[in-house]
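Using my numbering, you'd call the opening residue of the sequence shown number 1 and step up by one each time.
Wrong hints could be hidden among the right ones.
Ranges between beta-carbon positions, derived for each pair [claimed, not checked]:
(1) 13 <-> 143: 36 to 44 angstroms
(2) 44 <-> 69: 17 to 25 angstroms
(3) 112 <-> 39: 32 to 40 angstroms
(4) 103 <-> 23: 21 to 29 angstroms
(5) 69 <-> 147: 32 to 40 angstroms
(6) 13 <-> 104: 38 to 46 angstroms
(7) 93 <-> 10: 18 to 26 angstroms
(8) 93 <-> 33: 30 to 38 angstroms
(9) 33 <-> 103: 28 to 36 angstroms
(10) 29 <-> 105: 38 to 46 angstroms
(11) 160 <-> 100: 26 to 34 angstroms
Below 25 angstroms or equal to it, Euclidean Cα-Cα: the simulated SDA-like pairs (lysine to any residue) are [stated by the list, open to error]:
(12) 114 <-> 147
(13) 42 <-> 29
(14) 114 <-> 42
(15) 42 <-> 27
(16) 42 <-> 113
(17) 53 <-> 84
(18) 114 <-> 94
(19) 42 <-> 93
(20) 114 <-> 167
(21) 53 <-> 24
(22) 53 <-> 27
(23) 114 <-> 172
(24) 114 <-> 52
(25) 53 <-> 120
(26) 42 <-> 89
(27) 53 <-> 113
(28) 42 <-> 90
Note that these hints are calculated values from the structure, not bench results. Even glycine gets a Cβ: it sits at the ideal position worked out from N, Cα and C.
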Amino acid sequence: CHNKPSRRTTMLTIDECWDVLEAVVARQGEAEQLPPPAAVEKLDEIEQLLGAKLPEDVRRFYRRHNGSGEYSIAPYKIGGGNQTLASLEFALILWRDQVAIASETEPADLGRQKGPVQSGYWRRLWWPFTDNGCGDNIFIDLDPPPEGSYGQVVDWWHEPAESTVLSPSLQAWLNEVVNDLQS
């Protein structure tokens, strides 16, 4: 009989989540792959471009490491596949590409939504923070419907343009990832 590890009941901070991720990466001999923090000025530029404030947990996430470099969590999304934590610079490229594609999408092709997320193929206030290299992302929702949460984490699978709410915040989502890694 195997005892399943108990689930943690207290929420870790963003920094505590990064501590766990750093330890996992170090055990794999890949510590040098984690990039340095993003500049505060770059975060401010992103907010100005979006016309929206990033939640504090998102800012703290990028202030610890500007993405995960080559390290990925596998698979941690509904569509499957390895996910890297995107740097601000790469996330900006992903965001611009998706906004451009969405502007050319027919209104009838609005994708599918599961959970409290606005309809659309891609919306201007969805900030991708992961990438699997195949066009799928997990994003921060800065434009949720009234029953959603500002800054909620949403899985986006490009094939059916399916958006599925995963967590109410980046901090909550990272706690799920860390808990799974520790189990």
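Evaluated hints:
no. : hint                            : result
1   : 13 <-> 143: 36 to 44 angstroms  : violated (26 angstroms)
2   : 44 <-> 69: 17 to 25 angstroms   : holds (23 angstroms)
3   : 112 <-> 39: 32 to 40 angstroms  : holds (37 angstroms)
4   : 103 <-> 23: 21 to 29 angstroms  : violated (42 angstroms)
5   : 69 <-> 147: 32 to 40 angstroms  : holds (36 angstroms)
6   : 13 <-> 104: 38 to 46 angstroms  : holds (41 angstroms)
7   : 93 <-> 10: 18 to 26 angstroms   : violated (36 angstroms)
8   : 93 <-> 33: 30 to 38 angstroms   : violated (19 angstroms)
9   : 33 <-> 103: 28 to 36 angstroms  : holds (35 angstroms)
10  : 29 <-> 105: 38 to 46 angstroms  : holds (43 angstroms)
11  : 160 <-> 100: 26 to 34 angstroms : violated (20 angstroms)
12  : 114 <-> 147                     : holds (13 angstroms)
13  : 42 <-> 29                       : violated (29 angstroms)
14  : 114 <-> 42                      : violated (32 angstroms)
15  : 42 <-> 27                       : violated (31 angstroms)
16  : 42 <-> 113                      : violated (31 angstroms)
17  : 53 <-> 84                       : holds (23 angstroms)
18  : 114 <-> 94                      : holds (22 angstroms)
19  : 42 <-> 93                       : holds (14 angstroms)
20  : 114 <-> 167                     : holds (12 angstroms)
21  : 53 <-> 24                       : violated (31 angstroms)
22  : 53 <-> 27                       : violated (35 angstroms)
23  : 114 <-> 172                     : holds (18 angstroms)
24  : 114 <-> 52                      : holds (24 angstroms)
25  : 53 <-> 120                      : holds (21 angstroms)
26  : 42 <-> 89                       : holds (9 angstroms)
27  : 53 <-> 113                      : holds (24 angstroms)
28  : 42 <-> 90                       : holds (12 angstroms)
Hint violations for this structure: numbers 1, 4, 7, 8, 11, 13, 14, 15, 16, 21 and 22, all remaining hints satisfied.
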